[in-house]
Amino acid sequence: MNPIQIIPHAADYVRILPELVLSVFGMIIMLIDPLLDDRRSRSLSGALALVGSLVAIIATWMQSQSPGLGFWNMVRVDSFSIFFHFLIASITAIVILMSYEYMSVQEIRGGEYYGLILFGACGMMLMSSAVELVLVFIALEISSISTYVLAGFRRRAAISAESSVKYFLLGSFATGFFLYGVALMFGATGSTTIDAIGNVLRSGHIPVLAYMAIAFMFVGLGFKVAAAPFHIWTPDVYEGAPSPVVAFMSTAPKAAVFAVLLRVLFEANAPGRIWLIWVTAALSMTLGNIGALVQDNVKRLLAYSSIAHAGYLLVAFAALPENGIPAAMFYTAAYAFTNIGAFAVVSHFGGAGERRVTMEDYAGLGKRSPLLAATLTLFLLSLIGIPMTAGFFAKFYVFSAAIKANLVGLTVIGFLNSAIAAYYYLRIIVVMYMREERDDSPVAPVPFALGMALALSLFATMYLGILPGRMLDYASSSVSDLVAPAMQTMPVQGIAQVH
Amino acid sequence: MTPHLHLWLIPLLPLAGAAINGFFGRRFSRQAVSTVALLFSGAAFAMALWVAGQFSSLTLPYIETLAPWMRAGSFQVDFAFYFDQLSLVMLMVVTGVGFLIHIYSVGYMWTEGGFYRFFTYLNLFMFFMLTLILASNYLLMFIGWEGVGLASYLLIGFFFLKDSAAAAGKKAFIVNRVGDFGFLIALFLLIKHFGSLNYADLAGSISPLHIETSAGLLTAIGILLMVGAAGKSAQIPLYVWLPDAMEGPTPVSALIHAATMVTAGVYMVSRSHVIFERAPIAMTVVAIIGTLTAFFAATIGITQTDIKKVLAYSTVSQLGYMFIGCGVGAFSAGIFHLMTHAFFKGLLFLAAGSVIHAVGGEQDMRKMGGLRTKIPWTFWTMTAGTFAIAGIPPLAGFFSKDEILWQASRVSMIYWAVGILTAFLTSFYMFRQWFMTFFGEYRGEQHGHGSHSHGSPGHDSHDNHGHGGVHESPAVMLAPLVILAILSVVGGWVGIGNRFENFLAPVFHSTATISADSFDAPSMSAEPKNEEAGKSTELLFTEISVGVGVLGFLLAWQLYYRRPELPAEIALKLNGLYHTVLHKYYVDEIYAAIIVKPLIAISTVVFWKGIDRGMIDATLDGSAEGAREVSDTMRHMQSGNIRSYAGWVAAGAACIIVFMTWMAVGTR
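Protein chains in written order, with the numbering used here: chain A, 1 to 499; chain B, 1001 to 1668.
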């Protein structure tokens, strides 16, 4: 590699091909939007965005044929980043499918909305392939700023503006921590490249500064995935933001940030990983689940549930790399498809102005719209973790990995938590099937696009629940991208100290 | 030459039935729905019979791999079925009793709404239950295990407009989750240490291990498995869901909460005998839990007045017996009792359903009485069931219970003594029920529904059976009763001369030889060397157990037939004790006070009032002055209090950073 070289090669562009595709489509949408009236803006830009995300999937596939480093070792295409590219692009496509109905019901103009979703997805994809912390920061900001704006898209609802401002101010605050952590890490190791940091940290002496750097970076990243104790914003923001946006921001950016965390914690061989995760995972699971118990607003309930799920997922980060990494990847995907499906139902059922979001509104849904209720039930069962759904194997792999790493205490906390969790998910099911409806106004029929979104997420949820093998195999194969085979057994030391 | 059995068809047939009824049942007539349901569950039974016919030509265990499921490194799990003598017994019980209960349900549920839904769930249950017992590895078993729980949840909450039914379903589900975690952690430990979940592989890798003299890995796995079993099979401390589960329709109580699902724990422990044999401490835990549960539930059974609740506590108690059997290493005795219990308890529930049907939905025995002549078929079949469970020879319950007690006495006389006491209580409360229901004067109203004045929602007349006066059930309900009654009479005879035990011996074989010279050594030596003396001891024990059965009968006869005013006087004299037992020792209340209420309180106070509401309201009031001039949006926003949220994030960040630094400095 010639350091003087400043013109990127063609191969470099292939390394960021999906990101390029999304940016180009996003810009096209922004440019043609002023020329369209409201209705056409919704349909045409929606269609363009959908095409954009599908092309991004194809681009990811093309990219997967030639893995490697690009842009002066700042991005790396490997089976790990490919996994997250596929995941984020699929989430984006499903969110776009479910947004179409939402936008017309809420009478929101489409253009910028779809553009922002594509830009956000672009940032998230970049996060998963970036192997340089400054680039990670930039990608994080691209993704965050898009979601800040998206959260405020219900312009008529004060609560949505509130959600957006809150998310923006607190999010910026948290990002500051991340940046500070990167700076400290540079101070500790003399590099911002994840590989180089890993080499320094593996070489023996680990400065205290590196521990602090990890803690600072974790604050910033933990905020984005709504892990306790930085979860406080989640219920308010989820309650106020438009439901499709919540579906998006509770899955795609989280997946991307988890990808970064996996790289930082495993590839950079972060010191103190197990202590950090032990505390935050246990806190997230417990606070999330207990908080959800008495919620009456379904969006708030799912917000607390997402805090809890971040906790379950983090458990995998404390495990050994060869079990923990695939388990975390599987969980990310399983949770994404399940949660997005649940929010698709919430979004459709909410109706104009998202009026129907409380528990009582869901009373009798089983009778009023059996198919919709059955679909939501399956997603909720997956969130509980019932076999034959994705949620079961997600938890199975995570906790199995935890036991293999002797994290018995954390596993027990996790299991007790998921017993508590069953209570509030079942509450929704019970209300839907076992209560008389209060108003029997007909539920709007499910339009085609939303039906597709539901069908896709349901298919993914069931597929991962019945035949989880292929995805797990793939995830296991990408372990070697993050951890050199010889290094895989190293972090075993230190586990005993926790117990 | 081993024929190909196509075992996969057995669970798949009921699934097909469930799918057809589930998707199209809404448009079907009741005849069509019941035809589909019966056809597919009957086909599963027929298939099971055919498999049984092939049995002698099989090399056992017979393993049928359907498709690879997942492989991660050396860890491999397949969709595969495992078939041996134990599977055969379970298969016959589940498909046979299941089919009979399907037939009965057609009559029982005929007038109910949601007829197709009921049979969809029932067939779905059969699918999961058959998966559970035929699985060749613990993971597939766990799928079935959770699946039956789900089906049970759906069926308990079947009368879903009743709050108590919905609550009972939820309770069953959540309590079972607690047990499942024990099961899952046990599986993780198996994966971690043996790298497999297949029965065959595990048997191979565990067999060479020595018996653990102190608590070790296998002890931990055994106890965790028992936690799972305690959840599903309603043992202390997780039994609380089963009595509430009686909110479900009576055929469901018979099928799921008596004959099949609740025995899954016993099956799982027996299937894991290789582990338990090498973990004597875990065995002792199983035996103690079984003993305590058997006795404890029996005492509660004495005071219950709801005909189904009596049977529910009796089921908990009988499951305790099965665990005593497993816990003392007599797995085949436990399975034997599982089988006879499926016959007589299935029968008792169905007969109780017939009684409830006859008196128009009443479940309170104090409002029954004198039904002997009015519903003779029900009376005679229920009589067979009652005598069977009371342990009166030569009915089924006698043989299996006696076998368990005899085996228990060889390990510890305490198990035996408590077991005998429980047998006495069992006989007493069953005959109490028998006398209260069928003898004396009819105490109910002549027409229609029972009164609703007696408090507990569990007593509400649960459905629309109030048509006219007391009447006998239709033939479609009586036929299964008669068949089960015959089985309850003759079903125990397969145990004569240890035939049942010998049949299962190949499954539990390894146990017997290995444990004989080490774990069981003390008890073995305590046993009389002389064969003749052993026989006479066994005979003495048998006489005692028959004796207490008769004693229970006599006491119930005295109290509830000859002097029916006596029980009330006794209850009055023993006021405190009586009420404690009547309220089931307040266990539900204790659980609520120490687990449920604190959780809800934390959630309400800290999250709902404390953070969500408290903060919003407090700041809204505090900032009202300054906010008046700002726009509506801004004022609302202010109420969410960004500053305090930022404070929380900063505090959290500070904690994490300090923690990490502290740990880092501390470890160098």
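It is possible that part of the hints are untrue.
DSS-like, lysine-lysine: derived pairs with alpha carbons at most 30 Å apart [as the list claims (entries may be wrong)]: (1) K1573(B) - K1584(B); (2) K367(A) - K1162(B); (3) K1162(B) - K404(A).
Partial chain B-side listing against chain A, Cβ under 8 Å, derived [claimed, not checked]: (4) F1173; (5) K1192; (6) F1194; (7) W1377; (8) F1541; (9) I1544; (10) I1656.
What the hints contain is simulated information worked out from the structure, not anything from laboratory work.
Cβ coordinates follow ideal geometry from the N, Cα and C atoms, glycine included.
Cross-check of the supplied hints:
1. For the hint linking K1573(B) to K1584(B), the alpha-carbon distance of about 18 Å falls within 30 Å, and the restraint holds.
2. Distance hint between K367(A) and K1162(B) is fulfilled; the C-alpha atoms sit about 16 Å from each other, no more than 30 Å.
3. For the suggested pair K1162(B) and K404(A), the alpha carbons sit about 45 Å apart, so the restraint of at most 30 Å is broken.
4. Satisfaction of the interface hint for F1173(B) is found here, the shortest Cβ-Cβ separation to chain A being roughly 6 Å, below the 8 Å cut-off.
5. Evaluation of the K1192(B) hint against chain A yields a held restraint, the C-beta minimum of about 5 Å falling below 8 Å.
6. Taking 8 Å as the C-beta contact cut-off toward chain A, the hint placing F1194(B) at the interface is violated, the least distance being around 12 Å.
7. For W1377(B), the interface hint is violated, since its Cβ never comes within 8 Å of a Cβ in chain A; the closest pair sits about 35 Å apart.
8. Interface hint at F1541(B): violated, since its Cβ lies 42 Å from the closest Cβ of chain A, which is beyond the 8 Å cut-off.
9. Here the hint on I1544(B) is broken, as its CB sits about 43 Å from the closest CB of chain A, past 8 Å.
10. Among the interface hints, the one on I1656(B) holds; its C-beta lies about 5 Å from the nearest C-beta in chain A, closer than the 8 Å criterion.
When the structure is compared with the earlier hints, violations turn up for hints 3, 6, 7, 8 and 9 and for no others.
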